[in-house]
Amino acid sequence: MLRRIALGLVVLVVVAAGAFFALAYRPAIDPLPEGEAPSFDPLMVARGAQLAAVGACTSCHTVSEGQDFAGGLPLPTPFGTIFSTNITPDPEHGIGRWTEAAFIRSMREGVDREGNLLYPAFPYDHFTHTTDEDIRAIYAYLMTRPAIGAPNQENQLGFPFSFRPVLAGWNLLFLRKGTVEPDPQQSAEWNHGRYLAEGLGHCGGCHTPRNAFGAEDGSGHYGGAEIEGWFAYPIDETSPAPTAWTVEAMTNYLTYGYDQEHGTSRGPMAQVTGDFRNAAPEDVRAIAAYVVAQMHGGAAPAAAAAPPAESAAAQVPEASPAGAGVETLTIASPPASPAFQSGDSQTVAPATADNPGALIYAGACATCHESGRPQPYGGLDLHKSTAVHSTNPQNIVNMVLFGIPASDGQAAPIMPGFAGVLDEAQVISLLNYLRETFTDQPAWENAQQIVADTVGGTTQPTIYSADGLRRSPVADIPRTSP
Amino acid sequence: MSTNLTVNGQTHAVEAEPDTPLLYVLRNDLQLNAAKFGCGLGQCGSCTVMVDGRAVFSCVTPIVALEGRDIRTVEGLGTIDNPGPMQQAFIEEQAAQCGFCIPGMMMRAQALLERNPAASDAEIRSFMEPNLCRCGTHMRILRAVKRAGELMQQAGAGRTV
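Same order as they appear, the protein sequences are chains A and B.
Residue 418 in numbering that gives the first Met the number 0 is what sits at position 419 of the first sequence, and the numbering runs on without skipping anything.
Residue 123 in numbering that gives the first Met the number 0 is what sits at position 124 of the second sequence, and the numbering runs on without skipping anything.
So here's chain A without its partners, still in its complex pose (with noise of 0.2 angstroms):
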């Protein structure tokens, strides 16, 4: 009895280690024969480029300043740091020698051309989505672009991550393939914005918080998550916008980093939409019409016009709790204050309280963001911030500590950094001045935490200018605490 038992256990193991090894197997794809290069269609190479734009490879695959696509950026990840890989067409080091079917099937699997299986921090499980005409033309692009000879690095990574195999788990539980199916009852535009902003754009990879295995949490799609030290805001009906998203306006964003009732990109999101300036004009808008819906309740929001900012300022709206029930795309922006009526730079708003994050907002912040110049000149208005208006005050403790640095040769946003003169009671004090001043919303609880942890150096956001260029901050920042 205790034999066959045995017997028993060890079919059931051999069984089991056959079926994992058939779900972990890939096989290798021969590679194109040494010297040899494809050639492509020139319009197809065009295209390749605009929907690496809306995929944002180089975000990873380019470390800042350096060579396009030849990677080695870390990627800090809850199981260890991996580091993107070079994905020019070097035949050693990059894909020079990877057939277009390895390609797609890298895209599709996550697997390499030798068979091994890639790590989700490449985001396949959203690629898998996309065509194959329009992994094709990426191929196209990303073969014609310069081979540059720098060597991979090693995964940094424990057991048992470290040991490839095991993603074959991750990608039963998660990876779903097949094509994003076309809603019949939404338009044409908004079906394409959703097969690139749920394929290629990934948009998720950020927006959706995750699972203790790294993957989505479904059921809090684009609700919103923790990414670099920066909060990515719900795309979804709670998001916390306090002027309601149009269309117009989130094309807008996104094609130049910053909109005048919004803001601006900062943050892994300026890499975004740094990316985004070299995508098809016609994809970046319908990604800002399935995303936009998104926030509506999923359907496509009713073409209204943005009222025009004068008539806009009359329509203050009731304390609506952040975005839910918003049902029409009224741009509603609070009346301005006196302060706002003149463009010099030196008026100051009057600071009204004997309260130190009042006197802090007048010095320090007011010339810029009361001084009534549009972006990117001038600061935003603050009752129109995000930022301020988020249930996570992180990303406005990073703006107010390292600022946004200046881009190259172009008219971006920029603001100074505070985190050389301010100390964490200021900071704290002046962000539930800006809360309790541009809001109606409940002052946060966590600000205290998320400023010490920030200015001590645990959490520590990446800087990056509005051209999405990754830069050193320009605050003089100490990393520990007076």
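If you're looking for bench data, these hints aren't it; they were derived computationally from the structure.
Among the hints, erroneous ones may be present.
Computed Cβ-Cβ distance ranges for the label pairs, DEER-style [stated by the list, open to error]: (1) Glu64/A - Asn115/B: 20 to 26 angstroms; (2) Asn27/B - Leu156/A: 25 to 31 angstroms; (3) Thr5/B - Gly297/A: 56 to 62 angstroms; (4) Glu113/A - Met138/B: 47 to 53 angstroms; (5) Asp67/A - Gln93/B: 49 to 55 angstroms; (6) Asp452/A - Thr5/B: 56 to 62 angstroms.
Backbone N, C-alpha and C define an ideal beta-carbon position, used for all residues, glycine too.
Fit chain B to the known structure of chain A by using the hints.
This is chain B only, laid out in the frame that chain A set:
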């Protein structure tokens, strides 16, 4: 309202509104005219001074944040007869053309070199990025900062007050 400000080691009771930018107090109340008003928006760097060893834009720093802090300006780096290493280096490299940006440049560079007098060229460039010069003497300024670091290392101590 009175605020106690410690500038170049000396404490002053300043009669000014607490949201007054430090730059105005330095120039108008304390007659310390090294720091300059450039843009007034913290974007050009000509107003840069040091607070507790950090480079800050004095035009957007209200004095309410500064009670008890150690504020330093170019006047604290040395005198005409006895210039400090930073000033000496800028003279030796003839780094000023119109000179308007130079006090801010010196204070930002001082903040860097006091922590690391051996800063590399790349570190100097990166750190000096927020400060602008419209005459175009950037190359001389960078050389002066490098030289100041060497002078500080020779002197064995960065700080001269």
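Verification of the hints:
Remark: the range hint 20 to 26 angstroms for Glu64/A to Asn115/B is upheld by a beta-carbon distance near 22 angstroms. As the Cβ distance of Asn27/B to Leu156/A is approximately 59 angstroms, the hint placing it in 25 to 31 angstroms is violated. Separation of Thr5/B from Gly297/A is about 59 angstroms and conforms to the stated range, judged on CB atoms against 56 to 62 angstroms. For the pair Glu113/A and Met138/B, the beta carbons lie near 49 angstroms from each other, so the given range of 47 to 53 angstroms is met.
At about 40 angstroms, the beta-carbon gap between Asp67/A and Gln93/B misses the expected band of 49 to 55 angstroms. Hint check: Asp452/A to Thr5/B, Cβ distance near 30 angstroms, so the stated range 56 to 62 angstroms is violated.
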